[in-house]
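The primary structure of each chain is shown beneath.
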Amino acid sequence: MSDILIKTENLSKYFKVSGSRMLHAVENVSLEIRRGETLGLVGESGCGKSTLGRTMIGIYRPTKGKLIYEDKELDLSSKRNRFQFTKKAQIVFQDPYASLDPRMTVGSIIQEGMVIHGMYDPKKRKDRMEELLDIVGLNREHENRFPHEFSGGQRQRIGIARSLAIEPEFIVCDEPISALDVSIQAQIINLLHKLQEQMKLTYLFIAHDLNIVKYISDRIAVMYLGSVVELASSENLYKNTLHPYSKALLSAVPIPDPELEMKKHRQILTGDVPSPIHRPKGCAFSSRCPLACDICRREEPVLREVMPDHFVACHLVEKQ
Amino acid sequence: MGKRILEMNDLRVSFDTYAGEVQAVRGVSLYVEEGEVLAIVGESGCGKSVTAQTIMKLNPMPPARIVSGEITLDGHDIVKASDIEMRKLRGRKVSMIFQDPMTCLNPTKQVGKQIVEAIKLHQHLSPAEARKEAIKCLEQVNIPNPLERAKQYPHEYSGGMRQRAMIAMALSCDPLLLIADEPTTALDVTIQAQIMDLLKEIQGKLKNAIILITHDLGVVAGIADRVAVMYAGMIVETGTIHQIFYNNSHPYTKALMRSLPSADATKKDDLISIPGTPPDLLSPPVGCGFAARCKHCMQICKEEVPPEFELEKGHMAKCWLLHPDCPSAAERGDDNE
Numbered sequence: 014m015s016d017i018l019i020k021t022e023n024l025s026k027y028f029k030v031s032g033s034r035m036l037h038a039v040e041n042v043s044l045e046i047r048r049g050e051t052l053g054l055v056g057e058s059g060c061g062k063s064t065l066g067r068t069m070i071g072i073y074r075p076t077k078g079k080l081i082y083e084d085k086e087l088d089l090s091s092k093r094n095r096f097q098f099t100k101k102a103q104i105v106f107q108d109p110y111a112s113l114d115p116r117m118t119v120g121s122i123i124q125e126g127m128v129i130h131g132m133y134d135p136k137k138r139k140d141r142m143e144e145l146l147d148i149v150g151l152n153r154e155h156e157n158r159f160p161h162e163f164s165g166g167q168r169q170r171i172g173i174a175r176s177l178a179i180e181p182e183f184i185v186c187d188e189p190i191s192a193l194d195v196s197i198q199a200q201i202i203n204l205l206h207k208l209q210e211q212m213k214l215t216y217l218f219i220a221h222d223l224n225i226v227k228y229i230s231d232r233i234a235v236m237y238l239g240s241v242v243e244l245a246s247s248e249n250l251y252k253n254t255l256h257p258y259s260k261a262l263l264s265a266v267p268i269p270d271p272e273l274e275m276k277k278h279r280q281i282l283t284g285d286v287p288s289p290i291h292r293p294k295g296c297a298f299s300s301r302c303p304l305a306c307d308i309c310r311r312e313e314p315v316l317r318e319v320m321p322d323h324f325v326a327c328h329l330v331e332k333q
Numbered sequence: 059m060g061k062r063i064l065e066m067n068d069l070r071v072s073f074d075t076y077a078g079e080v081q082a083v084r085g086v087s088l089y090v091e092e093g094e095v096l097a098i099v100g101e102s103g104c105g106k107s108v109t110a111q112t113i114m115k116l117n118p119m120p121p122a123r124i125v126s127g128e129i130t131l132d133g134h135d136i137v138k139a140s141d142i143e144m145r146k147l148r149g150r151k152v153s154m155i156f157q158d159p160m161t162c163l164n165p166t167k168q169v170g171k172q173i174v175e176a177i178k179l180h181q182h183l184s185p186a187e188a189r190k191e192a193i194k195c196l197e198q199v200n201i202p203n204p205l206e207r208a209k210q211y212p213h214e215y216s217g218g219m220r221q222r223a224m225i226a227m228a229l230s231c232d233p234l235l236l237i238a239d240e241p242t243t244a245l246d247v248t249i250q251a252q253i254m255d256l257l258k259e260i261q262g263k264l265k266n267a268i269i270l271i272t273h274d275l276g277v278v279a280g281i282a283d284r285v286a287v288m289y290a291g292m293i294v295e296t297g298t299i300h301q302i303f304y305n306n307s308h309p310y311t312k313a314l315m316r317s318l319p320s321a322d323a324t325k326k327d328d329l330i331s332i333p334g335t336p337p338d339l340l341s342p343p344v345g346c347g348f349a350a351r352c353k354h355c356m357q358i359c360k361e362e363v364p365p366e367f368e369l370e371k372g373h374m375a376k377c378w379l380l381h382p383d384c385p386s387a388a389e390r391g392d393d394n395e
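So the protein sequences, as listed, match chains A and B.
Per this note's numbering, residue 14 is the first one in the first sequence, and the count goes up by one each step.
Per this note's numbering, residue 59 is the first one in the second sequence, and the count goes up by one each step.
Calculated from the structure, these hints are not laboratory results.
Just so you know, these numbers come straight off a predicted model, no measurement behind them.
A few of these clues could be false.
[Stated by the list, open to error] Which bits of chain A does chain B cover? Going by a derived footprint, with three or more residues having C-beta under 8 Å, they are:
id, segment
1, 198-212
2, 219-227
3, 264-274
Using N, Cα and C, we set each Cβ at its ideal position, and we do this for glycine too.
Could you build all of it, start to finish, from the sequences and the hints given here?
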């Protein structure tokens, strides 16, 4: 069995906007996620991180490129294949208020996946549902309640129980904590971490809170305007940041410590992210990069390995 | 010590709803001195925004109701002020920037005109002068091409630019106090850094006081002089930024600081989370609001609201653990501090 669970090869996802214009949400992304690891995906809003996550579990179909799951290319064009793939890959959504059907009880929300996939008999499903409620830290009595009776953190637990119900291998966590309060965030992060160890899950963890991503991820990919600009182990990314965008992104994160915050050298980016409808020529970051030179505006850099297991897409980073 | 611009004394604000009376603010006292930045931090629903909105009387009454308390802003009694008096104070003495800049700007009006509107309301300037002033305001918040930009509509601005325009408008009449209610929550980190730097720069230049409301302790660390931590409608701890970050004593403040991953935390250590959820303010707890989630909870915590204890000059906390008669940690059987 291969070490790599899911892989994208030159994956692109475009959306049609008015007329014949295309919005390049994801552009040419090649990523590997290893079995049992957490890959963090960070970037500003609109950089395509959610689109990439959704494309990877078959919610969107890729415009170009391949998805490879356990060494086999995934063909998600037929409904049947997509259905089978949902048994392996699940998602936890950002907004726990919008992602649960308000007219279903918690019990039926959690059991629905098992029913659809014809898993177990009704009695066993109920047992399993109760077990899942325990696992995610809810009470068994909650089974007959409706989502609106729960707080944000509890709803996110319901969403996690739902995604675990059909025993997937791969879970995309699409900003699972950004809608929650600080004191509740830690609860959910600890829960996700515990579940990963118990069930050998593989996570793609999408977030914009860099402190949390660093904490939970083994490796981190930084995205900018649809492309991955840097990919490294979470330790390396923070200690030895190479791409100018990653540097700016990391230095923009406020540190909850007044003395460190005062001493910190901050690199502030000017301007805003360009529109993904009119991607700049060459390097997507060239319009805001403090180091940009001619080649950056002409040629698009490719993601290359500059150090063992440290990939960066920048013309100006020398191979080390 | 500077002059106190704002003083709030035992403010209580309730909302009358069909379900009953929601006691959103349950006795908040605070002050703001000239030229300082006070940060109010807390989780959603802890009453931090309601407190701030009450200073400007922006919450619709009813359903909101000031139950008791006093607010004095630069000598004006806010609680008793009529609508007409409030109108004169808003913008001139105190102004506010909000979380979502898109819903606060008028989408049908050019940005420049919206600023002119605010200026003309408070200053007797000719249209041409007001316009010049508005463009100066936009320039001050680093909007490129202010002449062109003033003629554009809010939808032509990006999120960060809109927040800049909001700040320009809020500062157009040079208020004594600026209330920033989660000004960067809707923005990305790189834009957040730009806006926070701008606020710092402007504050350094204009010397007005700021009340910053946020749940992000990182943002607080970068800008605030003093911090007030709110929980369940009350200020549980207040002090200078150093006292709150390095020498805090309320269990909630401590737990809040520890629930953030530290710079060198790895996946192996669990984050320290606060079990449970904040109380429902429809029927607030009789004793300390945090008692149900506090691991040091004693009998008295459930029965009586703790008074304010002064730890150092300017550093106050509301917790029974600080009472001189409180048994020490060992006597209580608390091993983990």
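Taking the hints in turn, this is what the structure says about them:
{"no.": "1", "hint": "198-212", "in the structure": "holds (count 6)"}
{"no.": "2", "hint": "219-227", "in the structure": "holds (count 5)"}
{"no.": "3", "hint": "264-274", "in the structure": "holds (count 10)"}
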